[in-house]
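Construct the complete structure from the given sequences, taking the supplied hints into account.
Chains A and B supply the protein sequences, listed in that same order. Everything in the first sequence is counted per our numbering, starting at 1 for the first residue and increasing by one. Everything in the second sequence is counted per our numbering, starting at 457 for the first residue and increasing by one.
Among the clues, some could well be false.
[Said to hold, decoys possible] Each pair of labels, with its calculated beta carbon distance range:
{"hint": "1", "chain 1": "B", "residue 1": "Leu881", "chain 2": "A", "residue 2": "Tyr230", "range": "29 to 37 Å"}
{"hint": "2", "chain 1": "B", "residue 1": "Leu881", "chain 2": "A", "residue 2": "Tyr278", "range": "17 to 25 Å"}
{"hint": "3", "chain 1": "B", "residue 1": "Asp505", "chain 2": "A", "residue 2": "Met451", "range": "45 to 53 Å"}
{"hint": "4", "chain 1": "A", "residue 1": "Tyr230", "chain 2": "B", "residue 2": "Arg813", "range": "38 to 46 Å"}
{"hint": "5", "chain 1": "B", "residue 1": "Asp518", "chain 2": "A", "residue 2": "Glu34", "range": "51 to 59 Å"}
{"hint": "6", "chain 1": "A", "residue 1": "Pro290", "chain 2": "B", "residue 2": "Ser764", "range": "33 to 41 Å"}
{"hint": "7", "chain 1": "A", "residue 1": "Phe450", "chain 2": "B", "residue 2": "Ser764", "range": "18 to 26 Å"}
{"hint": "8", "chain 1": "A", "residue 1": "Asp210", "chain 2": "B", "residue 2": "Leu514", "range": "22 to 30 Å"}
{"hint": "9", "chain 1": "A", "residue 1": "Lys420", "chain 2": "B", "residue 2": "Ser764", "range": "44 to 52 Å"}
{"hint": "10", "chain 1": "A", "residue 1": "Val283", "chain 2": "B", "residue 2": "Asp878", "range": "27 to 35 Å"}
[Said to hold, decoys possible] If you want the ones that stay clear, here's a sample from chain A, every Cβ over 10 Å from chain B, calculated:
{"hint": "11", "residue": "Val81"}
{"hint": "12", "residue": "Ala106"}
{"hint": "13", "residue": "Leu108"}
{"hint": "14", "residue": "Thr155"}
I should point out that these hints are in silico values taken from the structure, not numbers from a laboratory. Backbone N, C-alpha and C fix where the C-beta goes; we use that ideal spot for every residue, glycine too.
Protein chains: 2
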Amino acid sequence: MPLELTDAQRDDLLDELHRLLNYNQPSEALARLESMHPADQAHLIEDLDAEDREAILLAMSDERTASILEYLDEEPRQVFVDGLEPERLSQILFHVDEDLAADIVAELPDDQVASVLALLAPEDRETVEELLDLPEESAGRWMSPDVVLLQRTWTAEEAIDFLRREGPDASHPFYLYVVDTERRLQGVLSLRHLITAAPSTPLENLMARDVISVPVELDQEKAAEKLRHYNLMALPVVDEEGRLVGVLEADDVLDVQVEEATEDIYLQAGLSVDENPYTPVLVSLRRRVPWLLINLTFGFLSALIVSSFEGTISRVAALAAFMPIIAGHGGNTGSQTTTLIVRGIAVGEIERRDLFRILRKELAFGVSYGLVAGLLSSILAYILEGNFWLAVIVGVSMMGNIILAGMAGSLLPLGMQALKVDPALASTVWLTTITDWLGFVLLLGLGTLFMKQLGG
Amino acid sequence: MPLELTDAQRDDLLDELHRLLNYNQPSEALARLESMHPADQAHLIEDLDAEDREAILLAMSDERTASILEYLDEEPRQVFVDGLEPERLSQILFHVDEDLAADIVAELPDDQVASVLALLAPEDRETVEELLDLPEESAGRWMSPDVVLLQRTWTAEEAIDFLRREGPDASHPFYLYVVDTERRLQGVLSLRHLITAAPSTPLENLMARDVISVPVELDQEKAAEKLRHYNLMALPVVDEEGRLVGVLEADDVLDVQVEEATEDIYLQAGLSVDENPYTPVLVSLRRRVPWLLINLTFGFLSALIVSSFEGTISRVAALAAFMPIIAGHGGNTGSQTTTLIVRGIAVGEIERRDLFRILRKELAFGVSYGLVAGLLSSILAYILEGNFWLAVIVGVSMMGNIILAGMAGSLLPLGMQALKVDPALASTVWLTTITDWLGFVLLLGLGTLFMKQLGG
Numbered sequence: 001m002p003l004e005l006t007d008a009q010r011d012d013l014l015d016e017l018h019r020l021l022n023y024n025q026p027s028e029a030l031a032r033l034e035s036m037h038p039a040d041q042a043h044l045i046e047d048l049d050a051e052d053r054e055a056i057l058l059a060m061s062d063e064r065t066a067s068i069l070e071y072l073d074e075e076p077r078q079v080f081v082d083g084l085e086p087e088r089l090s091q092i093l094f095h096v097d098e099d100l101a102a103d104i105v106a107e108l109p110d111d112q113v114a115s116v117l118a119l120l121a122p123e124d125r126e127t128v129e130e131l132l133d134l135p136e137e138s139a140g141r142w143m144s145p146d147v148v149l150l151q152r153t154w155t156a157e158e159a160i161d162f163l164r165r166e167g168p169d170a171s172h173p174f175y176l177y178v179v180d181t182e183r184r185l186q187g188v189l190s191l192r193h194l195i196t197a198a199p200s201t202p203l204e205n206l207m208a209r210d211v212i213s214v215p216v217e218l219d220q221e222k223a224a225e226k227l228r229h230y231n232l233m234a235l236p237v238v239d240e241e242g243r244l245v246g247v248l249e250a251d252d253v254l255d256v257q258v259e260e261a262t263e264d265i266y267l268q269a270g271l272s273v274d275e276n277p278y279t280p281v282l283v284s285l286r287r288r289v290p291w292l293l294i295n296l297t298f299g300f301l302s303a304l305i306v307s308s309f310e311g312t313i314s315r316v317a318a319l320a321a322f323m324p325i326i327a328g329h330g331g332n333t334g335s336q337t338t339t340l341i342v343r344g345i346a347v348g349e350i351e352r353r354d355l356f357r358i359l360r361k362e363l364a365f366g367v368s369y370g371l372v373a374g375l376l377s378s379i380l381a382y383i384l385e386g387n388f389w390l391a392v393i394v395g396v397s398m399m400g401n402i403i404l405a406g407m408a409g410s411l412l413p414l415g416m417q418a419l420k421v422d423p424a425l426a427s428t429v430w431l432t433t434i435t436d437w438l439g440f441v442l443l444l445g446l447g448t449l450f451m452k453q454l455g456g
Numbered sequence: 457m458p459l460e461l462t463d464a465q466r467d468d469l470l471d472e473l474h475r476l477l478n479y480n481q482p483s484e485a486l487a488r489l490e491s492m493h494p495a496d497q498a499h500l501i502e503d504l505d506a507e508d509r510e511a512i513l514l515a516m517s518d519e520r521t522a523s524i525l526e527y528l529d530e531e532p533r534q535v536f537v538d539g540l541e542p543e544r545l546s547q548i549l550f551h552v553d554e555d556l557a558a559d560i561v562a563e564l565p566d567d568q569v570a571s572v573l574a575l576l577a578p579e580d581r582e583t584v585e586e587l588l589d590l591p592e593e594s595a596g597r598w599m600s601p602d603v604v605l606l607q608r609t610w611t612a613e614e615a616i617d618f619l620r621r622e623g624p625d626a627s628h629p630f631y632l633y634v635v636d637t638e639r640r641l642q643g644v645l646s647l648r649h650l651i652t653a654a655p656s657t658p659l660e661n662l663m664a665r666d667v668i669s670v671p672v673e674l675d676q677e678k679a680a681e682k683l684r685h686y687n688l689m690a691l692p693v694v695d696e697e698g699r700l701v702g703v704l705e706a707d708d709v710l711d712v713q714v715e716e717a718t719e720d721i722y723l724q725a726g727l728s729v730d731e732n733p734y735t736p737v738l739v740s741l742r743r744r745v746p747w748l749l750i751n752l753t754f755g756f757l758s759a760l761i762v763s764s765f766e767g768t769i770s771r772v773a774a775l776a777a778f779m780p781i782i783a784g785h786g787g788n789t790g791s792q793t794t795t796l797i798v799r800g801i802a803v804g805e806i807e808r809r810d811l812f813r814i815l816r817k818e819l820a821f822g823v824s825y826g827l828v829a830g831l832l833s834s835i836l837a838y839i840l841e842g843n844f845w846l847a848v849i850v851g852v853s854m855m856g857n858i859i860l861a862g863m864a865g866s867l868l869p870l871g872m873q874a875l876k877v878d879p880a881l882a883s884t885v886w887l888t889t890i891t892d893w894l895g896f897v898l899l900l901g902l903g904t905l906f907m908k909q910l911g912g
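Written as structure tokens, this is what we have:
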């Protein structure tokens, strides 16, 4: 059974590891972790500080370090790898799957890449170099390049003998792929089909010919969608000539999906994917400030809009009290619409042709809810200020802004999609900027028009 | 090869299907789809209107309808199923995997559940009933109950014979699970290991005993995390007695993950998971209005805060122009922090003990960026209004609100987590409410204190 620790046990163990490493007893520390699954070891090691992490990982055999690296998060892995000598690193990489090896080499400082590559075994080096040539967010970068290839001219018996000889090395042989002499993908069969067939049956007669595959350069998100669309456990990956170069498996796609979901959520807030709560302040500033400054600029435009109504405000200061609620509530209503649409686009449920259907629905929603919220705001305004005309203006502005927010909340992400900009890119932030402007113009504009009735 | 259609081809095909169904030629329509993968057929059928959808699905054989249902989205599936007679439905369910059958029965109106269950084959009924007894978001509801079970007393040869007899029916036999006579999980082995072993080897000697499994009632999100943590393609699911009841596979977990990500994203905007852009207006209103009204109430509090400063505003109306930018920009900065932390908690990178480390970092960030944004706002305020003291007050309020926003942005999600409330629950919305209040109090409070200097 894998070790399941309570929080307290975990803290105790971390303290003990820290103490042992401090007293320079790394082999004692290693012994404490020995019985655990490498994934659990990696999870604990992530919680050590960088110095302890380095000490314990360096004390391990190359093979054990390699098994931990397979499970370590990207950031601690990178910190550890950056501190290694090229010789040691290449020895560790020897025990690591080629796709992870490529990821690790890709993160190295430019001047170290060549020296580490030179130290790898020739076949490994070739595979890693090929992987590094692929675009960073492509299916190829996530696939396992280790695939069991069966020749279409073989019989079932020959194929089984081949599998026996090859041993259970390749990671997850779920589907078996059949290729021609040029390694071009010809068909697929399951191991079960293979063992239940008569030994002399040619693979050609056993295999299914309709193989769903993806090109090696396909965007990782598209590849993930395809695997999910067809409900598959693995997708073969082929190059331009149709040669089988690897397999993208469902567990890799799980990681793609988590990365893509994080990206979408971060984009909404103008954050870079590499950001996390522990990013050093200076790095955070460099990454976050440009977006915040763009944001600030749009805020200045709000200030300009409001300041152009200063005359009105100085005469009817009560209007200022309702600025935030009208602008903000429009933003909240519209954000719901934008969120629905951005997510719908991301999971492939919404396409551009659905625009009018969505606008109709949002208009109906906006009018209905606008009536409710407008009426409530009117009542509150009357209670607070005792001014009938103010109450009317507040209610009408609230209703108007909610209706416009629904329209803007639909048009903005669909427009971004049409312009081939990722609709996840901060669209609720732009939306609330728009609803701020609309809200201020409505409320203060009406206030100016009805200044006399307001008693200003 | 699967049919890959361009948008135009797709629209043409949909038009043609609509025309054929309109002219009452469903078998012609069916023939158009025949060569396609059921997943692609389902995707096209989803784009037909409900009436056409029903017509084409009803014209299919039960088996074909069943294969389409496996791929159809939940909403159109439910609409179609709701229109079926219990007899027809039970015939279709006969061809459907039991886990999907349970999902379909679970969505039926209460008065139909019993009659449909009564019409199922006895073994199917029993499995479906057992699945229906499980909590809705549990691992058991996502698992495949069809598992290949090998007895620990068997030899490799006996196991292979058993697999041959069973045929390639079970969905994805990636790992083979070994059980005792009570069906209790004892070990796991790969099909590859099995065929490479000497025929007389007992399974006991072949199997790995450290099997990572999940309890059937475990929350789906936790089960998904476990599969991902250990990088597995499948997790065996066991009941309280340790009996193997099903397998949770990586492709099921992909669906869990998409659902959970949608849930998190929707929670942020106060939306229900069942909501989508096509939800009927009345249903949307019922679901969305309660949250919006809570929101509106907090907006009224903002109005109260601002209205208590009406005296100040009527004398220095220029202050009103800077209310939105100070409140809004604090909200944007703090939202970045909240987004990072909420996501970090969701993917398990952040725990409560990290609070102080995060607060320190956010304080440093807030002070540094606060200085920049404060200075810029001061300059703008001076250009716009030519009032030195106003410029100072705007700059200080901006800086103060940014620093406070960073603190609030960290404390809010971590506090929600401590209170066992999902931190994804609209935390950026609460945060921007807080930053609104803080911004108004800072700006208008300082404005009131320095009224004389402002020339009010």
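For each hint, the structure was consulted:
1. For the hinted restraint 29 to 37 Å between Leu881 of chain B and Tyr230 of chain A, the CB-CB distance of approximately 34 Å keeps it satisfied.
2. Our hint of 17 to 25 Å for Leu881 of chain B and Tyr278 of chain A holds, since their Cβ atoms are close to 24 Å apart.
3. As the Cβ distance of Asp505 of chain B to Met451 of chain A is approximately 51 Å, the hint placing it in 45 to 53 Å holds.
4. Hint check: Tyr230 of chain A to Arg813 of chain B, Cβ distance near 44 Å, so the stated range 38 to 46 Å holds.
5. Taking 51 to 59 Å as the suggested C-beta distance range, the pair Asp518 of chain B and Glu34 of chain A conforms, at roughly 55 Å.
6. For Pro290 of chain A paired with Ser764 of chain B, a C-beta distance near 37 Å keeps the hint of 33 to 41 Å intact.
7. For Phe450 of chain A and Ser764 of chain B, the hinted distance range of 18 to 26 Å is satisfied, since their beta carbons lie about 24 Å from each other.
8. A hinted range of 22 to 30 Å for the beta carbons of Asp210 of chain A and Leu514 of chain B is consistent with their spacing of about 27 Å.
9. Taking the beta carbon of each, Lys420 of chain A and Ser764 of chain B are about 48 Å apart, inside 44 to 52 Å as hinted.
10. Hint check: Val283 of chain A to Asp878 of chain B, Cβ distance near 29 Å, so the stated range 27 to 35 Å holds.
11. Listed as outside the interface, Val81 of chain A is consistent with that label: its C-beta sits roughly 19 Å from the nearest C-beta of chain B, beyond the 10 Å cut-off.
12. Interface exclusion of Ala106 of chain A from chain B stands, the closest Cβ pair being 20 Å apart, more than 10 Å.
13. With a cut of 10 Å on Cβ distances, Leu108 of chain A stays outside the contact zone with chain B, its closest approach being about 23 Å.
14. The beta carbon of Thr155 of chain A sits about 15 Å from the closest Cβ of chain B, which is more than 10 Å, so the claim that it is off the interface holds.
In summary, this structure violates none of the numbered hints.
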